[in-house]
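Starting from the known structure of chain A, fit chain B onto it as the hints suggest.
Chains A and B supply the protein sequences, listed in that same order. For the first sequence, counting from 1, position 105 maps to 389 in this note's numbering; every step adds exactly one. For the second sequence, counting from 1, position 41 maps to 348 in this note's numbering; every step adds exactly one.
Just so you know, these hints were derived from the structure itself, not from any lab. Idealized CB from N, CA, C, for every residue including glycine. Some clues are possibly wrong.
[As the list claims (entries may be wrong)] Below, a sample of chain A positions facing chain B; criterion: calculated Cβ distance under 7 Å:
no. : residue
1   : A523
2   : A537
3   : D563
4   : W565
5   : G566
6   : D567
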Amino acid sequence: MRIARGNGCRRAAALLAMCVLMPFGVARAADPAPPPSDSAVAESDAPIATQVAGLRSRYQKAQQDAYQAYAASEGKPNDERIRIYQAKLPKPHPYAQKAMELAGEHPKDPGAVEALRFVIEITGQGQGSSEDARLRAQAINQLSQGQLNDPGLASVFPTFMYEQSQAGEKLMRLAAEKSTVRDVRGSAMFWLAQSLRTKSERSGDPQQLAEAKKLYQQVDAQYADVKTARSTLGDQAKANLFEMENLAVGKAAPDIEGKDQDGKPMKLSEYRGKVVVLDFWGDW
Amino acid sequence: MYPDERSLVKKMEGKPFALVGINSDPLDHLKETIKKEHMTWRSWSDGSTDGPIATRWNVHAWPTTYVLDANGVIRFKDLRGAQLDQAVETLVKEAESGGK
Chain A
285 MRIARGNGCR RAAALLAMCV LMPFGVARAA DPAPPPSDSA VAESDAPIAT
335 QVAGLRSRYQ KAQQDAYQAY AASEGKPNDE RIRIYQAKLP KPHPYAQKAM
385 ELAGEHPKDP GAVEALRFVI EITGQGQGSS EDARLRAQAI NQLSQGQLND
435 PGLASVFPTF MYEQSQAGEK LMRLAAEKST VRDVRGSAMF WLAQSLRTKS
485 ERSGDPQQLA EAKKLYQQVD AQYADVKTAR STLGDQAKAN LFEMENLAVG
535 KAAPDIEGKD QDGKPMKLSE YRGKVVVLDF WGDW
Chain B
308 MYPDERSLVK KMEGKPFALV GINSDPLDHL KETIKKEHMT WRSWSDGSTD
358 GPIATRWNVH AWPTTYVLDA NGVIRFKDLR GAQLDQAVET LVKEAESGGK
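Excised from the complex, chain A in its bound form (with noise of 0.2 Å):
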């Protein structure tokens, strides 16, 4: 299973597994509202983007139980162990509701768009009751109506990488011919490549693989500085057009140089003449 670097799943071996076994079914039951935290009262003061942050974090924690709950049951039946693992999963939409209404009563605050993009996260992962459904779509759609010209709107469009959403390709086409926001536009450009690009190595559809590759050498042309957490969208969008080039089934592969666990150097090229396999790794 590809574990995208920068989610929650590559910290924890709590959010590791879930995400392994989080494709299965759902049994639907009774929803309770989220468990109110100790200081819930002080809470509802405090700033939008806190009270999402405090959404988020009591989210993940019913997860981190959730896993505890699947570890601790070692030795049961591995259908058995899914039961209560799915039991204790913690549903959605009572997260969402609550974040919607958040955004609902505050569409200025500039904690909205967080709070935004809090439902689009925790509905997307797969689970699909109709309820997360809707809240997902209405979030979505908040946010083509009234958050278009919000910096923090760039925050979102990487969640539509892998899931793949209709709803969020429209919201990405539209920011990046309507948004005020130059990063913004950017953003939502190169996000919609993205997006493009993995639908059309799932789908084959070589269309697909065509746009994606334009909206990349656009980012690059038009949107190169722009800044993103590690790097640029120029540097973001070349690395992208630069795989797609010649990291492509059928290439020759460029030559590695670099240095070995033991400091010698080491070329990939030393291996022709035998079948490599290149394996990127980490342990953690």
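For chain B alone, kept in the frame of chain A given last:
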């Protein structure tokens, strides 16, 4: 992950095959892991998830795998487990029978 890799390496002993890693941990962590997991193959120390090799190959998810044939051509991407082993066996047979 490590048991699968160890078993692939063992299965391919004496054949035209190499498993080579590109590791994204700090160097001392890499050395510890190699010792702990009895890894007998080499890994480039890329130093971090933003290391030069991972950056050039646009790797943002771990693990990511590529399978190259004996001529250095990329033939498969992102295979794991039994599918990876199968792809390797096919390409090794191809290499042993004179290649493409």
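Quick rundown of the hints versus the structure:
no.	hint	verdict
1	A523	4 Å, holds
2	A537	5 Å, holds
3	D563	5 Å, holds
4	W565	5 Å, holds
5	G566	4 Å, holds
6	D567	4 Å, holds
Hint violations for this structure: none, all hints satisfied.
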